[in-house]
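Turn these sequences into a full structure, and let the hints steer you where they fit.
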Amino acid sequence: MTPSSGTSGDLLSTIRVTGLHVRHRRTVALDTVDLALGRGVHGLLGPNGAGKTSLIRVLSTVARPSAGRVEILGEDVGDPRRCGPVRARLGYLPQEFGYYPGFTVSEFVAYVAWLKELPAADTPAAVARAVARVGLADRADAKVRTLSGGMIRRVGIAQAIVNDPDVLLLDEPTAGLDPEQRVEFRALLRELGATATVIVSTHLVEDVAAACTEVTLLDAGRVAYRGTPASLSALGERTGPDGMGDNPIERGYSAALRAHRTGAEALR
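So the sequence shown is numbered by the working numbering: it starts at 42 and just counts up by one.
Treat each hint with caution, since some may be false.
Pair ranges (Cβ atoms, derived) [to be verified]:
id, residue 1, residue 2, range
1, Gly304, Ala166, 32 to 38 angstroms
2, Ser107, Thr236, 31 to 37 angstroms
3, Glu278, Phe144, 46 to 52 angstroms
4, Arg299, Glu225, 33 to 39 angstroms
5, Thr68, Asp182, 28 to 34 angstroms
Okay, derived cross-link-like pairs now, SDA-like style, lysine to any residue, Cα gap no bigger than 25 angstroms in a straight line [to be verified]:
id, residue 1, residue 2
6, Lys157, Tyr140
7, Lys157, Ala167
8, Lys184, Arg122
9, Lys157, Gly125
10, Lys184, Thr145
11, Lys157, Gly81
12, Lys184, Ala167
13, Lys157, Glu221
14, Lys157, Arg80
15, Lys184, Glu137
16, Lys184, Tyr152
17, Lys184, Leu156
18, Lys157, Ala261
19, Lys184, Tyr140
20, Lys157, Asp117
21, Lys184, Glu221
22, Lys157, Gly119
23, Lys157, Ile56
24, Lys184, Asp207
25, Lys157, Gly176
26, Lys157, Gly234
27, Lys157, Arg122
28, Lys184, Arg231
29, Lys184, Gly139
30, Lys157, Arg174
No wet-lab data here; the hints were simulated from the structure. By construction, the Cβ of each residue, glycine as well, lies at the ideal position given by its N, Cα and C atoms.
Structural data, given as structure tokens:
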């Protein structure tokens, strides 16, 4: 029921999730999730309440699992004592991005670099590179409070990549970006995925189609589908124009959800 791209579960996986269970009071956010992710750009799709943000928060070490095992870069992050070295190699943009409005763009990104313990001698170049990669070089000395919502989101992306992370976790990164900025962001994702494991949680199926090497669809806290964007589009093609969605990958997304909810047999 969940086709694989062939990369999951191999020895090169930088993230391994086994039997992950997350509960928020009386609500089960994630229910027995198994994943293995390696280098590349991985799209994380699903309806509201599917568990996407809960998964990102556990992988970022912000939240702890209720049960199961999570290994990142060879470390069991369920053990708080082993999270420090992993955090230094992580980049994380939460859905609700907090910032210091009185800082300039460069000051804020430099502050995050300091938190990640980048060597002081390397920080100015790392900050300048991160700010330029998100298209804000000309606003590097501007106060964050003076920026538009889309620009602030790009500051969030800059702080997430300032340490050239081995694992990059982005929760709704394109919120507030205009169409041209989203196209530029997709190109950046493809560049980053050449050397890192990048996970992008999004509601925008077209971003996954354009930038991701693999897609995981969550539904009600469980993995409903694993495969490539091409395989999801192929599912939509088989569904035909009567399926829900304006293009094949959207129809494939809808068909995968229906199959998961009805227990339909394999999406082949």
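Now the hints, each set against the structure:
1. Gly304 to Ala166: 32 to 38 angstroms: violated, 54 angstroms
2. Ser107 to Thr236: 31 to 37 angstroms: holds, 33 angstroms
3. Glu278 to Phe144: 46 to 52 angstroms: holds, 48 angstroms
4. Arg299 to Glu225: 33 to 39 angstroms: Once the Cβ atoms are compared, 34 angstroms apart, the range 33 to 39 angstroms for glutamate 225 and arginine 299 holds.
5. Thr68 to Asp182: 28 to 34 angstroms: Violated - the Cβ-Cβ distance for threonine 68 and aspartate 182, about 44 angstroms, lies outside 28 to 34 angstroms.
6. Lys157 to Tyr140: holds, 16 angstroms
7. Lys157 to Ala167: holds, 12 angstroms
8. Lys184 to Arg122: violated, 36 angstroms
9. Lys157 to Gly125: holds, 9 angstroms
10. Lys184 to Thr145: OK: lysine 184 and threonine 145 at ~4 angstroms, within 25 angstroms.
11. Lys157 to Gly81: holds, 23 angstroms
12. Lys184 to Ala167: Satisfied, since the Cα-Cα distance of roughly 19 angstroms is no more than 25 angstroms.
13. Lys157 to Glu221: violated, 31 angstroms
14. Lys157 to Arg80: The hint holds at about 21 angstroms.
15. Lys184 to Glu137: holds, 19 angstroms
16. Lys184 to Tyr152: It holds: about 14 angstroms lies between the C-alpha atoms, which stays within 25 angstroms.
17. Lys184 to Leu156: holds, 20 angstroms
18. Lys157 to Ala261: Status violated; Cα separation ~34 angstroms.
19. Lys184 to Tyr140: holds, 11 angstroms
20. Lys157 to Asp117: holds, 19 angstroms
21. Lys184 to Glu221: holds, 23 angstroms
22. Lys157 to Gly119: holds, 20 angstroms
23. Lys157 to Ile56: holds, 20 angstroms
24. Lys184 to Asp207: With a Cα-Cα distance of about 29 angstroms, the restraint between lysine 184 and aspartate 207 is violated, given a limit of 25 angstroms.
25. Lys157 to Gly176: holds, 22 angstroms
26. Lys157 to Gly234: holds, 21 angstroms
27. Lys157 to Arg122: Holds, at about 16 angstroms.
28. Lys184 to Arg231: Violated: lysine 184 and arginine 231 sit about 29 angstroms apart, past 25 angstroms.
29. Lys184 to Gly139: The given pair, whose Cα atoms are some 14 angstroms apart, holds under the 25 angstroms limit.
30. Lys157 to Arg174: holds, 19 angstroms
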